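J.: Residues per chain are reported as follows:
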Amino acid sequence: MTNDSSPPLLEVRGISKQFSGVQALDNVSLTLSRGEVLAVVGENGAGKSTLMRIVAGVTQPTSGSIIVDGTPAEFPSVAQALKQGIALIHQELNLADNLSVAANIFLGREPLRFGTIDQRRIDQESQTFIDMVGLDVPPQTIVGTLPIGKQQLVEIAKALSTNARILIMDEPTSSLSERETQKLFDVVRGLRSRGVSVLYISHRLHEIEELADRVVVLRDGKYSGELPRDDIQRANIVRLMVGRDVSRFYQRTPHEPGDIIATANDLRTTKFPHRTVSFELRAGEIVGLAGLVGAGRSELLTTLFGVTPAVNGTLAVGTLHRPPRTVREAVAAGIMLAPEDRRRAGLFLPMSVKRNLSLASLRRDQRHGFLNHAAENRVSAEMVALMRIKTATDRQVVRYLSGGNQQKVVLGKWLCLEPKLLLLDEPTRGIDVGSKEEIYKLMDQLAARGVAILFASSELEEIIGLSDRVLVMHEGRITGELDRAAITEESVMQLATGGADRRERIGA
Amino acid sequence: MTSDAKQPAVVEATGARRAFSPQGVKIWGIFGLLVAICLFTAISNHRFLRFGNIENLVHRTALIGILSVGAAFVIITGGIDLSIGSLVCLVGVLLPYLLVEHSWPVPLALVAVLGLSVAIGIAHGLLITKMRLQPFVVTLCGLLLYRGIARGLTGDQSQGFGVGFKSLRAIATSKLPIFGSQPGVFHLPATALILIVIAVVAAIFLNKTIYGRYLLALGNNPEAAKYSGINVDRTTIMAYVVCSTLAGIGGMLYVLDVNAAQPSDFGNFYELYAIAAAVLGGCSLRGGEGSITGVVIGAAVMVVLKNTINLVFPQYENMEFAIIGGVILIGVIVDELARRFVTARREAARQNKTNPPG
Numbered sequence: 007m008t009n010d011s012s013p014p015l016l017e018v019r020g021i022s023k024q025f026s027g028v029q030a031l032d033n034v035s036l037t038l039s040r041g042e043v044l045a046v047v048g049e050n051g052a053g054k055s056t057l058m059r060i061v062a063g064v065t066q067p068t069s070g071s072i073i074v075d076g077t078p079a080e081f082p083s084v085a086q087a088l089k090q091g092i093a094l095i096h097q098e099l100n101l102a103d104n105l106s107v108a109a110n111i112f113l114g115r116e117p118l119r120f121g122t123i124d125q126r127r128i129d130q131e132s133q134t135f136i137d138m139v140g141l142d143v144p145p146q147t148i149v150g151t152l153p154i155g156k157q158q159l160v161e162i163a164k165a166l167s168t169n170a171r172i173l174i175m176d177e178p179t180s181s182l183s184e185r186e187t188q189k190l191f192d193v194v195r196g197l198r199s200r201g202v203s204v205l206y207i208s209h210r211l212h213e214i215e216e217l218a219d220r221v222v223v224l225r226d227g228k229y230s231g232e233l234p235r236d237d238i239q240r241a242n243i244v245r246l247m248v249g250r251d252v253s254r255f256y257q258r259t260p261h262e263p264g265d266i267i268a269t270a271n272d273l274r275t276t277k278f279p280h281r282t283v284s285f286e287l288r289a290g291e292i293v294g295l296a297g298l299v300g301a302g303r304s305e306l307l308t309t310l311f312g313v314t315p316a317v318n319g320t321l322a323v324g325t326l327h328r329p330p331r332t333v334r335e336a337v338a339a340g341i342m343l344a345p346e347d348r349r350r351a352g353l354f355l356p357m358s359v360k361r362n363l364s365l366a367s368l369r370r371d372q373r374h375g376f377l378n379h380a381a382e383n384r385v386s387a388e389m390v391a392l393m394r395i396k397t398a399t400d401r402q403v404v405r406y407l408s409g410g411n412q413q414k415v416v417l418g419k420w421l422c423l424e425p426k427l428l429l430l431d432e433p434t435r436g437i438d439v440g441s442k443e444e445i446y447k448l449m450d451q452l453a454a455r456g457v458a459i460l461f462a463s464s465e466l467e468e469i470i471g472l473s474d475r476v477l478v479m480h481e482g483r484i485t486g487e488l489d490r491a492a493i494t495e496e497s498v499m500q501l502a503t504g505g506a507d508r509r510e511r512i513g514a
Numbered sequence: 031m032t033s034d035a036k037q038p039a040v041v042e043a044t045g046a047r048r049a050f051s052p053q054g055v056k057i058w059g060i061f062g063l064l065v066a067i068c069l070f071t072a073i074s075n076h077r078f079l080r081f082g083n084i085e086n087l088v089h090r091t092a093l094i095g096i097l098s099v100g101a102a103f104v105i106i107t108g109g110i111d112l113s114i115g116s117l118v119c120l121v122g123v124l125l126p127y128l129l130v131e132h133s134w135p136v137p138l139a140l141v142a143v144l145g146l147s148v149a150i151g152i153a154h155g156l157l158i159t160k161m162r163l164q165p166f167v168v169t170l171c172g173l174l175l176y177r178g179i180a181r182g183l184t185g186d187q188s189q190g191f192g193v194g195f196k197s198l199r200a201i202a203t204s205k206l207p208i209f210g211s212q213p214g215v216f217h218l219p220a221t222a223l224i225l226i227v228i229a230v231v232a233a234i235f236l237n238k239t240i241y242g243r244y245l246l247a248l249g250n251n252p253e254a255a256k257y258s259g260i261n262v263d264r265t266t267i268m269a270y271v272v273c274s275t276l277a278g279i280g281g282m283l284y285v286l287d288v289n290a291a292q293p294s295d296f297g298n299f300y301e302l303y304a305i306a307a308a309v310l311g312g313c314s315l316r317g318g319e320g321s322i323t324g325v326v327i328g329a330a331v332m333v334v335l336k337n338t339i340n341l342v343f344p345q346y347e348n349m350e351f352a353i354i355g356g357v358i359l360i361g362v363i364v365d366e367l368a369r370r371f372v373t374a375r376r377e378a379a380r381q382n383k384t385n386p387p388g
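As they're listed, the protein sequences go chains A and B.
If you're matching positions, the first sequence starts at 7 in the working numbering and goes up one per residue.
If you're matching positions, the second sequence starts at 31 in the working numbering and goes up one per residue.
Honestly, the hints are just simulated from the structure, not real lab data.
This structure is a prediction, so every number in the text was calculated from the model and none was measured.
The hints are all genuine.
Output of the computed footprint for chain A on chain B, the stretches with three or more beta carbons under 8 angstroms from beta carbons of chain A: (1) 232-240; (2) 247-253.
Calculated lysine-lysine pairs in the DSS-like style (CA-CA distance at most 25 angstroms, straight line): (3) A:K426 x B:K256; (4) B:K160 x B:K256; (5) A:K277 x B:K256; (6) B:K160 x A:K277; (7) A:K189 x A:K156; (8) B:K336 x B:K205; (9) A:K277 x A:K156.
Facing chain B, a subset of chain A residues (Cβ under 8 angstroms, in silico): (10) V337; (11) G352; (12) M357; (13) R369; (14) G375; (15) K419.
Beta carbons are placed, not taken as given, at the ideal position from N, Cα and C, and that holds for glycine.
Starting from the given sequences, assemble the full structure and let the hints guide the process.
T.: Right, dumping it as structure tokens:
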């Protein structure tokens, strides 16, 4: 495939990157050959995205160098990287929804005729790139009217039109259906045969098994190892990702689920008012909530928590016999949520660990409306100890804590009120491996004490590793329910992409 | 990160440490500014230190201070109230109007104007929370509405108490002989006592009650406050009610003090004095931050600055606004630079601790 004497197309040598004292990347090196699909994998926070942003000129490394075609290159800007043929396809697409496919492809580089945009030429020339990515729409189509999968292809066509030799794709399939994903893979394979190289970032290990020529694994900002084509198997990748055996990573102590403590019947959320959701949760049960981005998982959780009241339907939890209308009602019934975006909705960044931890229990501990400082100090000290929050003092401002410790603060705020039903939305997003393991252990301990846990996660590993039962959502409703024995990546993905349309119970 | 425990603590201050917290530094900074202006004026013109002048300064500070404490509550939520001056006008005009023109009994008139202030605060709060209108827009409309009503109601005629209502006016005009009743010693204006009571209650509310904590939390991050079970709407409405009520009390005291109110200019720009005092005193317009002590000192700075212009630069009296604006601007620039300097030093200290040189 590659000639040993010629230099690789791209070489990344000893890249390190620090953000305000946090080592995001530590001496990472990799090479990319012509016409190679190189998958870069690692957990959230492993440094993949940072590395890709450096290669694409979005951010600058603290140290290390990038070599393109054997000559050292510096990318002080995205424009410089583009000139060298390196294009980044963002996780969130960067398209102008209100413009046509052709206009998007030539955005910022419009050919002119008598000082005005030469529309004919744009349409004609863009057709070449539209064909190249197998997009079956006319160039004049407005991008906003296309489904997300096709928008992605427009983004790739746009990159190709700048003569990109290296495409960086950051989680390109995160919001695609199975069919759209297969289509994208065909396009990537086509590009490979034309000699275009692809740096492919994904969490979905089966995609990598299917597509990648080679895999580089990052862990905690460091190079953890790589696998050639023949060794690309889930088990091998996961071992490099977590640095230990997966089965030990997701430790569960087996226990019998208790009584039903939450029953939802025909619940309708404001986001999907025409879909109903029904389920039961038992004490001591950990239930995973799986689904693609936009499937309605977060909306379901915020509805159960009273943030966005339900349109109608019933919910019975403890003393509550209807869906909560306010967060306070939910909390009074023992329903508590650690939200997906914890910096936005879970934390008060300029406030101390203590004030964050005690906020929810101030009302319980009040003395006729006055703060009870003794109780506040006790709650804070107990939760710092229980959650093992790493901080010099609980007067430390939470902004300066790591993602893992911040999440523990969010959880601690609720645990001191002893929840009956704990809702977790992406509980380990952006968290280092050590904290992840602690949060998994904590979930297990809480379940053992009889707390029902409903957690949404986009990481299938996590869903599979932790859940006693999985509810899979697709377009606002629950498309299936899987018992522990039936939970596999395939069964979850099939339900998540709407593969099985009616609700069915699979497994034992 | 496991190195968290080794990082220098960036801590929120409590107890004795509060003086050295960012907030504490701000209060000392504004206090220093006040002392500096006082010293300069005292040296430049000996009349500054006369008891009559000082009594007057304390009295004016008390009146502005009452409005500023109210403004601070709204600013802490991340909002703004531009209608303070117009509400001062409406209440200031209504009180003599009801008492003199319509011969209402005193208690009824007082309850009416105070009730009106509370109702206006509730209306602002409801429009901002339930209708989700922007505080700036709602209170800007209030600014226009209340002055317009005051002028229309009275046919734009000045409203006053004439020679009556001496005992009622004494609330705002009397001076308490705390150092003995002989002339020539310092008498404490009664308004100062009112400000002290209001400020102490406000400070206790803000720092010692769960609702004060909720107010700071929601100003800091309204979304997270909602997700923590705090009734964000009710707490926000409460802040606007406090602001309008204090504006109403301020309006009553102003008109009792000067005896007559001209609807077209009574209370003009007072909302801006109040907001400026709150900002000088350490409130961030982003919300979530503020101290009552700082706000009262901020009000004093505004008042003394005006006095300085009168006593030391009488030739520039017409430039009063420009001078006050300039001083405030310099104050916030210095504050911002100091904050950046402290942050940069902290950041450097963190870097050094995490990566020991060599």
